[in-house]
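Trainee: Please model the complete structure; the sequences and the hints are all you need to start from.
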Amino acid sequence: MPEPEPLDGVRRTLRRRGGVQRTLPLLPLRSMVIFPGQVVSLDVGRPRSVAAIREALRHDGLMVVAAQRHADQLEPDREGIYDYGTMVRLLPPAGLLPMVSVPSRSGRSPASDVPAGGARADGALVGGATAGGIATEFEAFRVSVRGLDRVRLVRVWKTPFYRATVRVVPDSQGTAGGDEMAAALLALQRRLKEYAEVGRPPLFETPEVPEELLAHPGWLADLLAARLPLGVNEKQEILEELDPLVRLERVYERLNREIAVARLDQRIQERVREQMERAQKEYYLREQLRAIQRELGEADGLSVADAEGDGYRQRIEQAGMPEEAKHKALQELERLGRMPSISPEAAVIRTYLDWLLAIPWQKTSEDRLDLASAREVLEADHYGLEEAKRRILEFLAVRRLAGTGVSKGPILCLVGPPGVGKTSLARSVARALGRRFVRFSLGGLRDEAEIRGHRRTYVGALPGRIIQALKQAGTRNPVILLDEVDKMGMDFRGDPASALLEVLDPEQNKAFSDHYLEVPVDLSEVLFITTANYLGAIPRPLLDRMETIEIPGYTEAEKFQIGKRYLWPKQLRENGLTPEAVQLSEGALRDIIRRYTREAGVRQLERQLGKLCRRVALHIVERRESLAPGERESEPCDALHLRITRRGLKEYLGAPLNRFGEAELQDRVGVATGLAYTEAGGDILAIEVLVAPGMGRFVLTGKLGEVMRESAQAALSFIRSRRQALGIGQDFPDRLDIHMHIPEGAIPKDGPSAGITIATALASALTGRPVRHDVAMTGEITLRGRILPVGGLREKLLAAVRSGIGTVLVPAENEKDLAEMPAEVKRRLDIRLVREMDEVLAQALLPPPESEKAGDDEARGEAKEESTAAQNPEARPSGKGAGEKAARAG
Numbered sequence: 002m003p004e005p006e007p008l009d010g011v012r013r014t015l016r017r018r019g020g021v022q023r024t025l026p027l028l029p030l031r032s033m034v035i036f037p038g039q040v041v042s043l044d045v046g047r048p049r050s051v052a053a054i055r056e057a058l059r060h061d062g063l064m065v066v067a068a069q070r071h072a073d074q075l076e077p078d079r080e081g082i083y084d085y086g087t088m089v090r091l092l093p094p095a096g097l098l099p100m101v102s103v104p105s106r107s108g109r110s111p112a113s114d115v116p117a118g119g120a121r122a123d124g125a126l127v128g129g130a131t132a133g134g135i136a137t138e139f140e141a142f143r144v145s146v147r148g149l150d151r152v153r154l155v156r157v158w159k160t161p162f163y164r165a166t167v168r169v170v171p172d173s174q175g176t177a178g179g180d181e182m183a184a185a186l187l188a189l190q191r192r193l194k195e196y197a198e199v200g201r202p203p204l205f206e207t208p209e210v211p212e213e214l215l216a217h218p219g220w221l222a223d224l225l226a227a228r229l230p231l232g233v234n235e236k237q238e239i240l241e242e243l244d245p246l247v248r249l250e251r252v253y254e255r256l257n258r259e260i261a262v263a264r265l266d267q268r269i270q271e272r273v274r275e276q277m278e279r280a281q282k283e284y285y286l287r288e289q290l291r292a293i294q295r296e297l298g299e300a301d302g303l304s305v306a307d308a309e310g311d312g313y314r315q316r317i318e319q320a321g322m323p324e325e326a327k328h329k330a331l332q333e334l335e336r337l338g339r340m341p342s343i344s345p346e347a348a349v350i351r352t353y354l355d356w357l358l359a360i361p362w363q364k365t366s367e368d369r370l371d372l373a374s375a376r377e378v379l380e381a382d383h384y385g386l387e388e389a390k391r392r393i394l395e396f397l398a399v400r401r402l403a404g405t406g407v408s409k410g411p412i413l414c415l416v417g418p419p420g421v422g423k424t425s426l427a428r429s430v431a432r433a434l435g436r437r438f439v440r441f442s443l444g445g446l447r448d449e450a451e452i453r454g455h456r457r458t459y460v461g462a463l464p465g466r467i468i469q470a471l472k473q474a475g476t477r478n479p480v481i482l483l484d485e486v487d488k489m490g491m492d493f494r495g496d497p498a499s500a501l502l503e504v505l506d507p508e509q510n511k512a513f514s515d516h517y518l519e520v521p522v523d524l525s526e527v528l529f530i531t532t533a534n535y536l537g538a539i540p541r542p543l544l545d546r547m548e549t550i551e552i553p554g555y556t557e558a559e560k561f562q563i564g565k566r567y568l569w570p571k572q573l574r575e576n577g578l579t580p581e582a583v584q585l586s587e588g589a590l591r592d593i594i595r596r597y598t599r600e601a602g603v604r605q606l607e608r609q610l611g612k613l614c615r616r617v618a619l620h621i622v623e624r625r626e627s628l629a630p631g632e633r634e635s636e637p638c639d640a641l642h643l644r645i646t647r648r649g650l651k652e653y654l655g656a657p658l659n660r661f662g663e664a665e666l667q668d669r670v671g672v673a674t675g676l677a678y679t680e681a682g683g684d685i686l687a688i689e690v691l692v693a694p695g696m697g698r699f700v701l702t703g704k705l706g707e708v709m710r711e712s713a714q715a716a717l718s719f720i721r722s723r724r725q726a727l728g729i730g731q732d733f734p735d736r737l738d739i740h741m742h743i744p745e746g747a748i749p750k751d752g753p754s755a756g757i758t759i760a761t762a763l764a765s766a767l768t769g770r771p772v773r774h775d776v777a778m779t780g781e782i783t784l785r786g787r788i789l790p791v792g793g794l795r796e797k798l799l800a801a802v803r804s805g806i807g808t809v810l811v812p813a814e815n816e817k818d819l820a821e822m823p824a825e826v827k828r829r830l831d832i833r834l835v836r837e838m839d840e841v842l843a844q845a846l847l848p849p850p851e852s853e854k855a856g857d858d859e860a861r862g863e864a865k866e867e868s869t870a871a872q873n874p875e876a877r878p879s880g881k882g883a884g885e886k887a888a889r890a891g
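For the sequence shown, the numbering used here begins at 2 and goes up steadily by one.
Source of the hints: derived by calculation from the structure; they are not laboratory data. Please note that a few of the clues may not be correct.
What the hints assert, rightly or not - Here are the computed lysine-lysine pairs in the PhoX-like style, where the Cα-Cα straight-line distance is at most 20 Å: (1) Lys-329 <-> Lys-159; (2) Lys-329 <-> Lys-511; (3) Lys-612 <-> Lys-571; (4) Lys-364 <-> Lys-472; (5) Lys-327 <-> Lys-511; (6) Lys-282 <-> Lys-327; (7) Lys-364 <-> Lys-327; (8) Lys-511 <-> Lys-472; (9) Lys-827 <-> Lys-817; (10) Lys-750 <-> Lys-704; (11) Lys-565 <-> Lys-612; (12) Lys-472 <-> Lys-327; (13) Lys-511 <-> Lys-364.
Mentor: So this is what it looks like as structure tokens:
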């Protein structure tokens, strides 16, 4: 940086302009402050700034520079510019230097992209911009200025360029001399020497401070503030200070801080150098010790590090790793041998080698390919689930014919409601195959690193869940269960579902790469099984890689067998009871299923049986404690024989929780029963419609989704098209308000399968014909009245059986699904296939009762008269005539 001009000329300028206001062009600066006496080269690009410089060149070359409060503002307002700045003079050559055309790829200010040598001052694009990162060009002008005086900005204009009315503010003369100033200058000179001694670049061209600067302390403070590495806010504070002594004190404080930082940096460098020298010395001594031991023939006198390295090398040779993994392990082992044992990096390498050696590269468990034995295990653990069992037996048969090296492990996805035995079935599959079983849940997983592992550069890095599962299993062909695969999330840390695409692809997982291990691992012999409650929540690419096996809800007969064969004996064992002491009648078990549980699975049934056993255990213990001590010892634990029947259930389980078989107790107008499919299985859905005089509004309540709302609109349009055929009055729909509601409004409801149910409820409410309470229905409706097929039919029919429905109307196109329905469902339900909405109305609606029909006609007539009277007040009937008209309408 050039030294300031002679002070005499500057002081004459101060005396000439002191206290006078003048309007000059203004140049806002980005991320920099210019002090009086400082010479700076500026790169200017903003149009207003270029215009301001041209205006200054047309006159005496004087202008004002002031720092922006926020560097990212392209055109700052008055509040965006500091109140104090510096009057500068443009230095020759008198004009703008040749343009510098600079390419930009980021859209940032040009000052960050100009060649070295200029200061960051201005920097808006001129005649160029960036769009989507495409490289463009801007024009930057370089000018040189010399700071003259401090000024205070009185007023600022933005058009046609930045201008400011400024007043020169000279230094205060109160502390210009005296002992205090001399002491400050002396202390500052000492600090400047220390600053040079700690290795910082010199602030002056000579070792000592020039005498002319010592004679003007304010000028010295400005020059030091300009050359010290200070922030914009700190420099601005010094610029706004008018007392030279205070400015020197602030510069002194900043100088002390820079010296302290420099000394700390020296200490850190010295410590690092000492550690490196110590490590090199230790390595040199160890090499000498090894050479001495070899000369003495003491091969057994190995150090701890040597013994550790030999142990790792022997384990690597015996692990049976692939060549790539073996090469990586030996490479890391060589790094470990070259560094001190106490080094933090050595601990990281040991952990990495331990993980590599913990993977079962060659260890496998022999599959049990005996189909009879596998079938026996599956039947012993689970009742029903024939499709899933058959698929496992098919896998065993293929392995037996093709051999273990040919057949690839399937990727199975067990889909079904909670409590149907998906997780326990996967455990039984592992037991039937004779393989190790490992399970981990994916529910709530949001970090991709949980699947692929963390990079070793992170502190505490570990492999992903897949590699951890292999280590836990101890074999390369375990059964790994990925539970709740439909409940993964996604956030800024990545998408775990996308990471699973490589794991669950038989064509790719033979060379699965974990971020931590950085070597391929063969997963092709692993049998992956996933579970889910709802297929719609699984991404389509991931679902395409899996073979889906649906496990539907259980029928009542299946629940009875599961409870009798598995759950009741299990609860007796867990609660310390014996089958001889406590017996449960078949009628009581059926009553528990019907009245105390209502689910697709059997978890609630198991809870109720456990509750029953605990109550019985409490009864037995209380009875024994009531006996005398002698009688208590002589009576065995199973001396009490208890048989629980239907009549005694209320004593142990309390009042029934469900109204089994009572979906609707009587036929009602405007109330139809539909069937719904949820993640927990099937359920019945009551749809209520109410008609009242109004202005033709159609209100939908019950927390309905967008699809169900559109289905309701389609059903209403169909009913309007059948108005005459159904005998609906002329007042529909313009003079009637229709309100459709689905109870349990806190539960969201969506889907198109309630279309025919909504249309039936609308037709019933508008015609006054009741809907049969023992009829339930499901199906999607079109505007022409055609009924489309739906999904989840098995769960819906099971819900109808649980609710005591007698007749179910299903789309005719779902006839293919009825072949797989349990025989019990077909026996207990009258399943009728329908193709058109007219068939549904004919089978679901009853003729209107005479009394209700008369009442409805009378009400409809009154509503019509009220609407007519509202439109024509002169025709409004009154007195006896109105009553006679209403009676005739009835």
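Trainee: So, for every hint listed, does it hold in this structure?
Mentor: Hints and how they fare:
1. This hinted pair does not check out: Lys-329 and Lys-159 have alpha carbons roughly 65 Å apart, beyond 20 Å.
2. This hinted pair checks out: Lys-329 and Lys-511 have alpha carbons roughly 18 Å apart, not beyond 20 Å.
3. Restraint check: the Cα-Cα separation between Lys-612 and Lys-571 comes to about 13 Å, which is no more than 20 Å; the hinted pair holds.
4. In summary, the hint linking Lys-364 to Lys-472 is supported, as the alpha carbons are separated by about 11 Å, within the 20 Å threshold.
5. Distance restraint check for Lys-327 and Lys-511: the Cα-Cα separation of roughly 17 Å lies within the 20 Å cut-off, and the hinted pair is therefore satisfied.
6. Of the supplied pair hints, the one linking Lys-282 and Lys-327 is violated, its CA atoms being roughly 31 Å apart against a limit of 20 Å.
7. At most 20 Å may separate the alpha-carbon atoms for a hinted pair to count; Lys-364 and Lys-327 meet this at roughly 16 Å.
8. Our distance criterion of 20 Å between C-alpha atoms is met by Lys-511 and Lys-472, whose separation comes to about 17 Å.
9. Our distance criterion of 20 Å between C-alpha atoms is met by Lys-827 and Lys-817, whose separation comes to about 14 Å.
10. For a cut-off of 20 Å, the pair hint linking Lys-750 to Lys-704 stands: about 6 Å separates their Cα positions.
11. A hinted pair counts as satisfied when its Cα atoms are at most 20 Å apart, and Lys-565 with Lys-612 qualifies at roughly 16 Å.
12. With a C-alpha separation of about 18 Å, the suggested pair Lys-472 and Lys-327 falls inside the 20 Å cut-off, and the hint holds.
13. Distance restraint check for Lys-511 and Lys-364: the Cα-Cα separation of roughly 16 Å lies within the 20 Å cut-off, and the hinted pair is therefore satisfied.
Violated hints for the displayed structure, listed by number in ascending order: 1 and 6.
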